[in-house]
Amino acid sequence: MGNNFICPRCGNTNPKYIGYIKGQPYCRFCIAMQGKSAERKTDENNFATVKKLNYKLSEEQSKLSNQLITNYLNKIDTLVNAVCGAGKTELVYAVIGMCLSEGKTVAFAVPRRDVVIELFSRIKGVFKGKRVVAVYGGHAEKLVGDIVVLTTHQLYRYHQFFDLIILDEIDAFPFKDNRLLNSMFLRSIKGLKIMMSATPSRDILNFFKQKDRSILELNTRFHRHPLPIPKVIRKISFLKYFYLVSQLKKFIEEGKKVFVFAPTISKCEILWFFLKILVKNGTFVHSKCKNRSQKISDFKGGKYDYLVTTAVLERGVTFKNLQVVIYDADNEIYNSQTLIQIAGRVGRKADAPEGEVIFLVNKETEDIREALETIRRKNKHLQNML
Amino acid sequence: MKQFDERTNICKICFEPIERNTIHSLIFKDPTICHDCLIKLEPVLNKFYIDDVECLHIYFYTHKIQELLYQFKGCYDYELRTVFLEYFADYLNFRFKGYEMIPAPSTEESDKERGFNHVEEMFRCLKIKMSKCIHKTKQIKQADTTGSTIKTMIKLVKQKGAKKVKVLLMSKTIDLEKRE
Numbered sequence: 019m020g021n022n023f024i025c026p027r028c029g030n031t032n033p034k035y036i037g038y039i040k041g042q043p044y045c046r047f048c049i050a051m052q053g054k055s056a057e058r059k060t061d062e063n064n065f066a067t068v069k070k071l072n073y074k075l076s077e078e079q080s081k082l083s084n085q086l087i088t089n090y091l092n093k094i095d096t097l098v099n100a101v102c103g104a105g106k107t108e109l110v111y112a113v114i115g116m117c118l119s120e121g122k123t124v125a126f127a128v129p130r131r132d133v134v135i136e137l138f139s140r141i142k143g144v145f146k147g148k149r150v151v152a153v154y155g156g157h158a159e160k161l162v163g164d165i166v167v168l169t170t171h172q173l174y175r176y177h178q179f180f181d182l183i184i185l186d187e188i189d190a191f192p193f194k195d196n197r198l199l200n201s202m203f204l205r206s207i208k209g210l211k212i213m214m215s216a217t218p219s220r221d222i223l224n225f226f227k228q229k230d231r232s233i234l235e236l237n238t239r240f241h242r243h244p245l246p247i248p249k250v251i252r253k254i255s256f257l258k259y260f261y262l263v264s265q266l267k268k269f270i271e272e273g274k275k276v277f278v279f280a281p282t283i284s285k286c287e288i289l290w291f292f293l294k295i296l297v298k299n300g301t302f303v304h305s306k307c308k309n310r311s312q313k314i315s316d317f318k319g320g321k322y323d324y325l326v327t328t329a330v331l332e333r334g335v336t337f338k339n340l341q342v343v344i345y346d347a348d349n350e351i352y353n354s355q356t357l358i359q360i361a362g363r364v365g366r367k368a369d370a371p372e373g374e375v376i377f378l379v380n381k382e383t384e385d386i387r388e389a390l391e392t393i394r395r396k397n398k399h400l401q402n403m404l
Numbered sequence: 219m220k221q222f223d224e225r226t227n228i229c230k231i232c233f234e235p236i237e238r239n240t241i242h243s244l245i246f247k248d249p250t251i252c253h254d255c256l257i258k259l260e261p262v263l264n265k266f267y268i269d270d271v272e273c274l275h276i277y278f279y280t281h282k283i284q285e286l287l288y289q290f291k292g293c294y295d296y297e298l299r300t301v302f303l304e305y306f307a308d309y310l311n312f313r314f315k316g317y318e319m320i321p322a323p324s325t326e327e328s329d330k331e332r333g334f335n336h337v338e339e340m341f342r343c344l345k346i347k348m349s350k351c352i353h354k355t356k357q358i359k360q361a362d363t364t365g366s367t368i369k370t371m372i373k374l375v376k377q378k379g380a381k382k383v384k385v386l387l388m389s390k391t392i393d394l395e396k397r398e
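The listed protein sequences derive, respectively, from chains A and B. When the letters of the first sequence are read in order and numbered with this note's numbering, they come out as residues 19 to 404. When the letters of the second sequence are read in order and numbered with this note's numbering, they come out as residues 219 to 398.
If you are wondering where the hints come from, they were derived from the structure by calculation, not from laboratory data. Check the hints yourself; a few may be wrong.
Said to hold, decoys possible - Okay, the calculated beta carbon distance ranges per label pair:
| # | chain 1 | residue 1 | chain 2 | residue 2 | range |
| --- | --- | --- | --- | --- | --- |
| 1 | A | Glu287 | B | Cys232 | 52 to 62 angstroms |
| 2 | B | Lys315 | A | His177 | 48 to 58 angstroms |
| 3 | A | Asn309 | B | Tyr317 | 11 to 21 angstroms |
| 4 | A | Ser315 | B | Gly379 | 55 to 65 angstroms |
| 5 | B | Cys232 | A | Pro26 | 42 to 52 angstroms |
Note that CB positions come from ideal geometry on N, CA and C, so glycine has one too.
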């Protein structure tokens, strides 16, 4: 019976993912994207012009922004390779505005849900009078707008729908190396794509080196300060803990906020359990926390001094005057790209461009060395320019 | 590409092939889910009472069960119909020998949209006679409080003169007893 069934949704042909309902084959690989809650949209017309946008760009940023517009007009797919804190989001505002004034639909897709929520309020602030819609898990009542900000998972709701799609943080979990999400992404596009990352993988770089595609690079942050170089501190087992306590106390005395990254959820909780004895006024956050967004906004509001977290806050978040400690940075879950991303949380605001990044390790791994080298290389580029 | 062998069973939940020639496969013939997935479902087989009626539930309504149940009835994953009960089919057949089964009803519109009735399909793997004699009208409202459907059904069945009533639940919310 029908062993040559191809799923129209995700293109799956593997017979082990094919189920039968009353003799009819159906795909079980993308089963989470079927059913009664899976409402789909294919097309809608609307025309309106965009008023003047209210944001500032640095010299390099505006150069890149113009390049993006040229690429858009020439119908070229683009990869933006810019360092953490370069202001990638601001770069694409001009293209979005351009696209909107032609009456087209734009999507801004990010793998992480927390980032979508933050991005939504930012974009809504810039494009006033436009219908901006946020779509993420558990929040999908409204699907159509001029700008749709969504998680990559929600792209399955759209079929050849977007004229321009901007995909940020392409190297982040869960989008990275996920065949299902990738095919959903390609399926949702009608027009062009812009992909953005601070740490693109070699495959993606090679893909964009082909004809009719272009790579734009931005190696400086918008405030023109160098990226903070991480300090690697080697300590044995429990000495790491005491060193962490002393550093935390020092930072808190100086009135700085601290993120402490732990490799796993259980380690995050254990570390917080011990830290709360000696250092007061902190909390922990991980993907299984139910009141996670509440805790993060409390931290933003200044209720807590430090936050023990897993990789959920590794990217896309901006806090003022932030210091970062990675506990067990030699753990195998951290590759060089994650380390660079985490280090890039520091010094993102123009009025607090510097900060400290500490890697607490038992031993230096290859990934740590690679991350340090990459950051130094980008800083050298900045020195040459100044 | 390696030819797909239809004889090897593939777990309906984790899609891994189910190992043959193990003690597990000796006890259970042709299972549709693997042992690891069964353990993740955390079967309990507990007894409790609602208004002096004996109830048996197989699972608690855990996150995993919730997810699978949604995939089954919300995403229309028909293949999951045997997953919940097949391991306990023999035991349940023995325990409910001589009984007649009345599935809890759902509205006809949602059945039509889904293409199948999830309760019927789930309990079909038992060899107990099933009679679909209770229908959901608009008077029987969606379960406002936990267990209201069960209570209404018990009342109806007793009114019609059933001698002995027992309730079999696939999963039970953890705080159902506390509310009683």
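Hint check:
no., hint, in the structure
1, A:Glu287 x B:Cys232: 52 to 62 angstroms, "27 angstroms, violated"
2, B:Lys315 x A:His177: 48 to 58 angstroms, "52 angstroms, holds"
3, A:Asn309 x B:Tyr317: 11 to 21 angstroms, "46 angstroms, violated"
4, A:Ser315 x B:Gly379: 55 to 65 angstroms, "60 angstroms, holds"
5, B:Cys232 x A:Pro26: 42 to 52 angstroms, "25 angstroms, violated"
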